[in-house]
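Participant: Following the hints, complete the assembly by docking chain Z onto the known chain A.
Those sequence lines, one after another, are chains A and Z.
Each number in the working numbering comes from the position in the first sequence (counting from 1) with 58 added on.
Each number in the working numbering comes from the position in the second sequence (counting from 1) with 58 added on.
What the hints contain is simulated information worked out from the structure, not anything from laboratory work.
Do not rely on the hints blindly, as some may be mistaken.
Where chains are identical, the list cannot tell them apart; a pair therefore holds if satisfied intra-copy or between any two copies.
Here are the simulated BS3-like pairs of lysine-lysine, each with C-alpha atoms no more than 27 Å apart in a straight line [what the hints assert, rightly or not]:
| id | residue 1 | residue 2 |
| --- | --- | --- |
| 1 | Lys307 | Lys665 |
| 2 | Lys260 | Lys368 |
| 3 | Lys303 | Lys665 |
| 4 | Lys589 | Lys307 |
| 5 | Lys246 | Lys461 |
| 6 | Lys307 | Lys618 |
| 7 | Lys521 | Lys269 |
| 8 | Lys303 | Lys582 |
| 9 | Lys217 | Lys132 |
| 10 | Lys279 | Lys454 |
| 11 | Lys368 | Lys618 |
| 12 | Lys590 | Lys423 |
| 13 | Lys178 | Lys644 |
| 14 | Lys246 | Lys261 |
| 15 | Lys439 | Lys476 |
| 16 | Lys641 | Lys433 |
| 17 | Lys129 | Lys618 |
| 18 | Lys455 | Lys279 |
| 19 | Lys132 | Lys665 |
| 20 | Lys582 | Lys644 |
| 21 | Lys269 | Lys307 |
| 22 | Lys191 | Lys80 |
| 23 | Lys269 | Lys368 |
| 24 | Lys529 | Lys582 |
There are 2 protein chains.
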Amino acid sequence: MLSVTLSYMSKAPEAPVDNLYKLRHSLAHVLAQAVQNLWPGTLNTIGPPIEYGCYYDFLFAEPITDADFGKIEKEMKKIIYQGQTFRSDTLSVTDAKKFWRAEKQRFKVELIEDLEKKDKVKEVTHYANIGPKGDDTFTDLCRGGHVENLKEIPVDSFKIMSIAGAYWRGDETREQLTRIYVAAFPSKKELDEYLTMMEEAKKRDHRKLGKELDLFAFSEKVGPGLPLWTARGTIIVDEVERLAKETEKAGGYLRVRTPHLAKGALYEETGHLAHYKESMFPPMQLDGGEEEYYLKPMNCPHHHQIFASKARSYRELPMRLAEYGHCYRYEDSGALFGLMRVRSLCMNDAHIYCTPDQFEAEFIKVAEMYLMYFKLFGIEKYQMRLSLHDPKELGKKYVDNGKLWLQTEEMVRRAMKKANVDYIEVPNEAAFYGPKIDVQVWSAIGREFTLATNQVDFDVPGKVGLRYATKDGTEQIPLCIHRAPLGTHERFVGFLIEQFAGLFPLWLAPVQVGIIPVAEPHEKAALDLQKKLMEQGMRVEYYDSTESLGKRIRAGETMKVPYLLVLGDKEIGEKSVTVRNVKTKKQVAVSVVEFIEKTVADIQERKLEASIG
Amino acid sequence: MLSVTLSYMSKAPEAPVDNLYKLRHSLAHVLAQAVQNLWPGTLNTIGPPIEYGCYYDFLFAEPITDADFGKIEKEMKKIIYQGQTFRSDTLSVTDAKKFWRAEKQRFKVELIEDLEKKDKVKEVTHYANIGPKGDDTFTDLCRGGHVENLKEIPVDSFKIMSIAGAYWRGDETREQLTRIYVAAFPSKKELDEYLTMMEEAKKRDHRKLGKELDLFAFSEKVGPGLPLWTARGTIIVDEVERLAKETEKAGGYLRVRTPHLAKGALYEETGHLAHYKESMFPPMQLDGGEEEYYLKPMNCPHHHQIFASKARSYRELPMRLAEYGHCYRYEDSGALFGLMRVRSLCMNDAHIYCTPDQFEAEFIKVAEMYLMYFKLFGIEKYQMRLSLHDPKELGKKYVDNGKLWLQTEEMVRRAMKKANVDYIEVPNEAAFYGPKIDVQVWSAIGREFTLATNQVDFDVPGKVGLRYATKDGTEQIPLCIHRAPLGTHERFVGFLIEQFAGLFPLWLAPVQVGIIPVAEPHEKAALDLQKKLMEQGMRVEYYDSTESLGKRIRAGETMKVPYLLVLGDKEIGEKSVTVRNVKTKKQVAVSVVEFIEKTVADIQERKLEASIG
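Just chain A, same shape as in the assembly (with noise of 0.2 Å):
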């Protein structure tokens, strides 16, 4: 089973308290000091750090716009100049409650209440700022972890991004506060770069690429979370899925076929309605109502179906069954986002069935896979994270088998160094049937994105039965590694629209060749020269001289064409082109048969960057 992780970027594992972390919150309670000094009676709720900063949730009596940001970041600069300390109290429950009444916080005694209610706590901390007189200057319900003083906060590092609407905990029936999203970094350097990226990330965004270059769509009748692939998108898909296959079979995969639902029966057997009911969608009702059926959310049991359809031997393993399969997967509406949350998915899957001997083997060459990968797609960064389990949550988290959990990390471990792959460590963040990677990587302009997964499943194959003869006559249980290195391709094309800003190498462009003849006259020619090109299997466009030389070179360079192939007297003449290579914005002659053959060869070949200009 694939958990791709759904979120757009890696989920953070819980944070560390580090130095960044401190800079951070203390900052939120900075924005939350500065709210109360600029509009008195505004109710805080919670504020914690973020990915790029931190945010706080506040109940204003009038509502903030974005021309107050100015005036918030003055008041919290002015905070920082004044070099407040921090200072811990301890409380017991009835005294804060009665503090915070006091202070007419409503929301804070709210969560004290809960505290005291659902986790029987007897006493909170609470966090003071203290002002260069020695006075109080801010409270806050705080666990701690902040800057010795707030001098050590730079002021040019940090910048209020953006506000949002946000419901209190979450619950659509409750107040509807406003966050204020803070971006913070240890130097303005940072900061500089993080609003540069967001700034070029918003120019590549994916929602906006793909409807520009017409790549995919939603319906609101066919309903959120479930992408069409257009025309357009559909021939990227078919590329990636085309190097998938080729790769594979180089690979010794063998590819099957299943169907996306399946009884509730199998599931119960493999563990997933225990432990991922909530992830998959609702049941339909058969077979009147006799049977529940579920829409697959995984490939990995209806593998397991065909694996177990016939005896199988020693001889058969490794076996590696891969599919491009549909998944299904219920995410709430409100965190659905373009192609990187859905609820369709369809992935580059494989589950390879192996002994305990050939598991060394299998696993560095999946990993070998991953690379190969990265280099095609031009990705420089990315990181393995090793998802381990955690004892404490032995038989409810995970499979209860602590002594078998041990070996496979270790073995995934001694792996992962015989393949020379850099990896970290993450505890409590395995699949419930056994260890996982995450690969993360980090797109051209440095944003990351979470894409597959590489997983060790020692549990589930016993559990369906899965067996194999050995030399010796006896029957064994094989392992099974889930494998998706090019994850989804939902999420796969989208990290690919922001890596490439829609503006795709040769091989994956929708159309790689546009044909301009500069006038009526050279559209024969033209029309020659597209037949030509298809020929070669080259997806070619043809814009007619209905519209003006300039007007057609812009529509081309809007749809992000590779090449623009322009004809007039002169090429005609020499049995050239005037290629425009629309990325680097060079534009040179070369004759027709110097274009085909370097092109053909470009795509063949998969290259990054065109050849020609």
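Facilitator: Chain Z in isolation, oriented as in the chain A frame:
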């Protein structure tokens, strides 16, 4: 919407009362009379003619077996030899009930009570057989349609085929009856042909061969009617799909990809929930029960949403959106049958949006695509059935626009004539939104399959708001042609298994070449040859020398590998191979170079017969 008929054979239209019908219907009376003679007091129910003969359902006091078939046939012949005739009697329902009560035939009484209650019938007809002495030998409740004299039935042209259990009125809570099936034809020759075909069909049964050749599997845990394509079967499916994609690319189709579910609202708008709900899977309740989602029974509503995703111009038409789309249809579990009646279907679907002016040319191109495929797969006998609407069903079974129905039907007739394709017309079998063409084909052994349909939709595009801008700037609704020449993967591969008896042409064979070294010293050369052939893209299996030569050849033959190559000293010395053509059973020696050249060409050209041996 492609309502690919889910029946294995074509659904018989309301059977005309022709001579064959009379013969088979009369024979059902003979069968019932024979049973009464042999087992007096047996309860009779009903006995209609069927596509290859007739059946009759009885409630026997003691179960009968295959061993009784001879006795029954003998009694039937005796009755026929008597030259009995038929007499029609019209009785009031009161008299009729009295008659059957006296005969102690309670099912007949129930039938008459039902006619009385539901159809308000006052009188019923009975048919009595008159024996040679003028006596009534047997009476049945019947609407007529018999031979004049039983002697018209040739006694050597019928045969009791089988018995089966059947619930009275198909109701599991009622009595289980014994159904006796009789094959009946106008001549012994035709009966023999039918029996031979059935014999051959049993050997070619796709369920049997599918298991033996490991092409697909069903899993009790996944659910009935949901086939899993194994690695070998997936190769066939993938090859068929590759053919379709190449053909469609050359035909100017654009590929799209759509998810497998949509909101109920979509199917309300298209009319599927009104006209097609009982064939759809039950809904899933999403988003807190606020939205109902359905698995898609057809791809058209999704394709329409892609058409609707942006403003369209006449310049884009005809727009041909193609997808091998997975659809889900709810079939009663009792009706499921191998790959022929399934619940998950992967359809060779496309929707052609066009102007009325473009319709004819597009329709003809589709017809030509059918004919090309027939030739490629060696389908020599086929028939196109043009299904029309029934004016009486307008507003009920069919969209209520009589004028457009007539216009569209005429348009299809014209196109069929222009394409020079023979067809027959069938009333009252159209899709709810327009006329359709069902394509029946006959397999190599003469069995009939309904593979594909081709439909014209003049209704739904308008209903769901599809529009294009015409040259003069007005808005028009496009016509939509639904087509699926290769039907569904499930049905089509099922057909191919029977068509080729598992001995697939090279390009479709899961394994194309088996390599068999005579003994251990020849293994290296054999493995080198395997590598060489695989570099040419061939699917090659290697049989190492641990088993005897004969055993390995038989293994290759059992798996129906088209070519088995034997390599010994002689072959290695001569750089040749001994090629065993498993279909023709011929064995020839050719040079390795020639083998590769011819085989690569056969595969590339998708030849029906392998060139060597």
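Participant: I want to check one pair: lysine 529 and lysine 582. Are their C-alpha atoms no more than 27 Å apart within a copy, between two copies, both, or neither?
Facilitator: Answer is between: at 23 Å across copies they meet the 27 Å cutoff, but 69 Å inside does not.
Participant: For the identical chains here, do lysine 132 and lysine 665 meet the 27 Å Cα criterion within one copy, between copies, both, or neither?
Facilitator: neither (50 Å within a copy, 79 Å between copies)
Participant: 27 Å Cα cut-off: does lysine 582 pair with lysine 644 within a copy, between copies, both or neither?
Facilitator: Answer is within: at 26 Å inside a copy they meet the 27 Å cutoff, but 54 Å across does not.
Participant: Given a CA cutoff of 27 Å, do lysine 191 and lysine 80 count as a within-copy pair, a between-copy pair, both, or neither?
Facilitator: For lysine 191 and lysine 80, only the intra-copy Cα distance (24 Å) is at most 27 Å; the inter-copy one is 113 Å.
Participant: From the Cα coordinates, with 27 Å as the cut-off, is the pair lysine 217 and lysine 132 best called within, between, both, or neither?
Facilitator: within (11 Å within a copy, 99 Å between copies)
Participant: At most 27 Å between C-alpha atoms: does lysine 246 with lysine 461 qualify within a copy, between copies, both, or neither?
Facilitator: neither (49 Å within a copy, 74 Å between copies)
Participant: Is it within a copy, between copies, both, or neither that the alpha carbon of lysine 129 lies no farther than 27 Å from that of lysine 618?
Facilitator: neither (42 Å within a copy, 81 Å between copies)
Participant: When Cα atoms must be at most 27 Å apart, do lysine 303 and lysine 665 count as within-copy, between-copy, both, or neither?
Facilitator: Both, since 18 Å and 25 Å are each at most 27 Å.
Participant: Can you tell me if lysine 269 and lysine 368 fall within 27 Å by alpha carbon in one copy, between copies, both or neither?
Facilitator: between (47 Å within a copy, 10 Å between copies)
Participant: At most 27 Å between alpha carbons: which applies to lysine 521 and lysine 269, within, between, both or neither?
Facilitator: Between copies, since 25 Å is at most 27 Å while 45 Å is not.
Participant: Could you figure out if lysine 307 and lysine 665 sit no more than 27 Å apart (CA to CA) within one copy, between two copies, both or neither?
Facilitator: both (21 Å within a copy, 24 Å between copies)
Participant: If the cut is 27 Å between Cα atoms, do lysine 589 and lysine 307 qualify within a copy, between copies, both or neither?
Facilitator: between (32 Å within a copy, 14 Å between copies)
The structure does not agree with the numbered hints 5, 8, 13, 17 and 19 stated previously, though it agrees with the rest.
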